[in-house]
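There are 6 protein chains.
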Amino acid sequence: MFKQLSLLDKDQVKTLKDIAESSKFVDGKISNPHSRVKNNLQLHDPAAYEQSSKIMLDALMANREFLDFAFPQHVAPPMITCHKPGMNYGLHADSALIPLPSGPIRSDISCTIFLNGPDDYEGGALRVTHGEASMRFKGTPGTAIVYPSYTLHEVEKVTKGERLVAISFIQSKIRDVMKRNLLYEFNEVAALEGLNMRHENYTRMQAAQYNLMRMWME
Amino acid sequence: MFKQLSLLDKDQVKTLKDIAESSKFVDGKISNPHSRVKNNLQLHDPAAYEQSSKIMLDALMANREFLDFAFPQHVAPPMITCHKPGMNYGLHADSALIPLPSGPIRSDISCTIFLNGPDDYEGGALRVTHGEASMRFKGTPGTAIVYPSYTLHEVEKVTKGERLVAISFIQSKIRDVMKRNLLYEFNEVAALEGLNMRHENYTRMQAAQYNLMRMWME
Amino acid sequence: MFKQLSLLDKDQVKTLKDIAESSKFVDGKISNPHSRVKNNLQLHDPAAYEQSSKIMLDALMANREFLDFAFPQHVAPPMITCHKPGMNYGLHADSALIPLPSGPIRSDISCTIFLNGPDDYEGGALRVTHGEASMRFKGTPGTAIVYPSYTLHEVEKVTKGERLVAISFIQSKIRDVMKRNLLYEFNEVAALEGLNMRHENYTRMQAAQYNLMRMWME
Amino acid sequence: MFKQLSLLDKDQVKTLKDIAESSKFVDGKISNPHSRVKNNLQLHDPAAYEQSSKIMLDALMANREFLDFAFPQHVAPPMITCHKPGMNYGLHADSALIPLPSGPIRSDISCTIFLNGPDDYEGGALRVTHGEASMRFKGTPGTAIVYPSYTLHEVEKVTKGERLVAISFIQSKIRDVMKRNLLYEFNEVAALEGLNMRHENYTRMQAAQYNLMRMWME
Amino acid sequence: MFKQLSLLDKDQVKTLKDIAESSKFVDGKISNPHSRVKNNLQLHDPAAYEQSSKIMLDALMANREFLDFAFPQHVAPPMITCHKPGMNYGLHADSALIPLPSGPIRSDISCTIFLNGPDDYEGGALRVTHGEASMRFKGTPGTAIVYPSYTLHEVEKVTKGERLVAISFIQSKIRDVMKRNLLYEFNEVAALEGLNMRHENYTRMQAAQYNLMRMWME
Amino acid sequence: MFKQLSLLDKDQVKTLKDIAESSKFVDGKISNPHSRVKNNLQLHDPAAYEQSSKIMLDALMANREFLDFAFPQHVAPPMITCHKPGMNYGLHADSALIPLPSGPIRSDISCTIFLNGPDDYEGGALRVTHGEASMRFKGTPGTAIVYPSYTLHEVEKVTKGERLVAISFIQSKIRDVMKRNLLYEFNEVAALEGLNMRHENYTRMQAAQYNLMRMWME
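Residue numbers (full-length UniProt numbering), protein chains in the order written: chain Z, 1 to 218; chain V, 1 to 218; chain C, 1 to 218; chain W, 1 to 218; chain R, 1 to 218; chain U, 1 to 218.
Hints in this document: simulated from the structure, not taken from any laboratory. For every residue, glycine included, the Cβ atom is placed at its ideal position computed from N, Cα and C. None of the hints are false.
Using C-beta positions, here's what the derived DEER-type ranges look like:
#, chain 1, residue 1, chain 2, residue 2, range
1, R, Asp176, W, Pro85, 54 to 62 Å
2, W, Leu67, R, Glu200, 20 to 28 Å
3, U, Asn196, C, Asp9, 31 to 39 Å
Far from chain U by the CB rule (all over 12 Å, computed), these chain W residues:
#, residue
4, Glu21
5, Pro33
6, His44
7, Pro46
8, Ala48
9, Glu50
10, Met61
11, Ile105
12, Pro118
13, Thr159
14, Gln206
15, Glu218
The following block holds chain Z by itself, in its conformation from the complex (with noise of 0.2 Å):
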């Protein structure tokens, strides 16, 4: 499912636009050599790849409305990306193994962190198919999306303007994304109404999300 997440203030915001204003970009089909529909740009400053990616894996981290919703094991450095006019990235899946310096990662879940806004490009949103539908996300700086990375997605095509994002892949400890969301969905039920029950049920159901857990955690 999707999430849009506040992530970021507007300071870690503008550290990590200067951090790319005063950085190295190169073809991102440096990382995806066999892509044929990669067409963007990469941070390729290994400085500034660790100073910008440590900032926004920290913040996720710290996320609380993030670790309900994804129950992250493993989380890829976020990588900043930038469309330039003419830029898209067409229609792809996520491979499912993401190489990483401490081994690969399965990517069960997506995010895009959003650095500047929908009035700084033209074009550029993030289309997810869901079969023949599809849904548009082009958020605010700061804010991320998250959505599942089995789903065939593009960046449309920028006609005006950059579009400045970091991406980044999860491992999550429930791998199924119908579980992932039923679990999520009893610990929010249980969290905002855990108060409003009598005692004895709330010990059931704690115990049921406890059995559920149990079950799926991997």
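Add chains V, C, W, R and U to chain Z, keeping to what the hints say.
The following block gives chains V, C, W, R and U in isolation, referenced to the frame of chain Z:
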């Protein structure tokens, strides 16, 4: 898991005991010829069996607690059995398939309906083991106990009086006992606390319950 | 996932609208008495229901795209419903079990068949949520949209005109939406590209598809 | 896995060969019109089919080894087929669903019943592949071989004489071949060694077998 | 399921009681700050904890019955707790994840190690529920009881004397309790009866056990 | 399933045979002390083992066909074994867990690497059973055969000459042999036919393959 049911009223119990008293019983090995541990009597009179099993089957299918707990798909018509002094039914596992005229059913849940009471006989407890622990049950007339068929269990030797019970087997729509119990718990909590929840959260809880059922129901 | 179907021709649509026009409608709560969000009208005329649902059921079972996508095992006869100005059907989850005269079916897939068009009413979109994202659908007459029953969805308030659709529920031979979609995708690729493959490889592909079906089909 | 059955006695084989001799055969493509590899003849005479398939179906359902090994839920009536010189049935996968008058069945297990013997024809072996390895079978009259339907297999070209067999498909109560085989093995060991075990241990073994069946049986 | 272990010898018990006597205990809420039902004391002395937990952890990992029954993958170092008169630990479910310095483990199995005996306190039984039935345990010094963490359980109020136990949690290689128990039963039967079987059958039994492990082990 | 690999070149084979010739071998029971059927010799020289196993392990991890077929997660360092006249390794199942210095691995796949050839010995075939059928393998020097560890298999008695092979065990990322084989087949077809497909369909095929991996990969 285990659940005790208040199943039959006094009149029903009396009718069933009258039927038992006026009917022929035979060696219980008739339906388990290879058993080395079955040592009891069971009703052997087609008309009496039809009449008595219908009363109890109807009572089960009208019992809200039973329906909510067992998610019954098929229920074997209960059969009246009797243990006289010296008789027992040694430790055994219920067969996975129970033959019925309409075809075999899978025994997920076993059910003992008590027709007389703890004062009517000595010994004769239903003992259900859980690994090295065990529980003993002797119910009052008209009550029933349902328990998982996968357990090793026995009827201890009756040393005095007569033990009159009926037994049945249930194939559940939710085969796995852990899943069945989880669904029961979520349903119970929602039923008990639904009116205390905001409607929006109740809707989310309900959707999650439906989705667990979609996932697990046979 | 979602799929749009070209289901009914103009004559069929006209026949169905004529039936609707000349038949009695009642409060939709008749089939969901406890619903706090259902606020629409539904056809309540046995002969009209039989005639109209047969047309649509036959159309579904003759629609190649529907059969390939949904792997239908049971299909509920479509029921014509109507939203007049001020009516909506608030956010809800479809019940896991849909009672039918022939016994309950599991609702894996929901189907809305559009009998009039986007110009005939204002508001009244079918809105399907996916977590915090959502999609709106208003189809042209004779088209249908199928979507997963596990989603929270609603019919937005009609503010002008009248919304005339029929709704149905499908129990699929492939219960899990991810598996159903995977099988559909492999089948589509094989159908579209089979003639371009060497026969030996097509045989291997076909064997793998059969084996997925063996593994997943109910 | 594979199992050879001693299925038919001499008289039954003779009756079946007499039926085959006096009946009409047609191109086997009649039941697989799109096949590019099927090149054989099959019985095409309703009365002969009914008579012959009944003999073989009854023999299967009375064969203890078959019942214990295959856990059959549905068995397709065996169909007599014939390969004359020059005929083969190229490498193929059995379709997942076999249409029968009573509705389609899932082909978990395939069965070839040999009506004449290895001396009656040259070539014509049933070759079953397992990845890059393969096994060849030519049985004596009245024997049968059952093997997993998921395998790629072929009937090699007959170069001399005539190959007369019947083929059938079985939907098993235990869908997965690994689970089916495991259950068969535990059952066999218990049957062969049960009398050598202490009764207490035999009871535990039996309970465990029942519980595997509860877990896996459809 | 449940298993009782003869875990510690007299000297080990004495050493542990000496450690407990000379160490500081604090309110058990320190490790479950939000619990509304925990009312006990637990050891709070790093050196004493390290020394005592090592004795018990080593004893568990050297206990053949424990290893065969629990298939332990991770075991939390046992923590000594104490209930004084008036203290109880109300009905609760163990959390699915137990935080440890080396990372969280999944609590599949709970373990109570008794350091003093039933005569040393009144009340204070460990009561484990199974739906509406329940079992009470008070072990002798040095024994332990292991039971499924998914159960609702409690420590009843101590009314006199002092209850001294250690508790631990085990993540099993076989997550599901039904599967773990099945594997244990097959292994036990094979161990107890293997020498009575013909070698050929023992080999088949052993292969089947290995294959269950291959299927189920994490 | 089965796959034959062209694994080692002539120089590597020569090096390995030289190592074998100049090293000490001991009774193979050293690593299976309770086996009643193992009757062979195995290399027992730490330096020789380290050197020889590294050559073969590196060859496996560089072999594209092996990687595509086995989805290896852990591979046991191959161990050279020798059967002299009169030696065999009776029918047995490979243990589910293979102890390694780095911890036990699950044996999903077994691997025999042939160091000398069919002309160097009589008898000594690797015979792998599949129920009542079986296959025999004697490879040429430098080739390897991989096959499922769950099978009962044996090395037949060597009657003349000497059989020199190395054996290894692989824990696969795809535990279940049916799933592993399905994924392999889809991957092979996509690799062989991808360039013949329209890009849009290739993308769909690839997404489906990724999603199978997401579903099944450990």
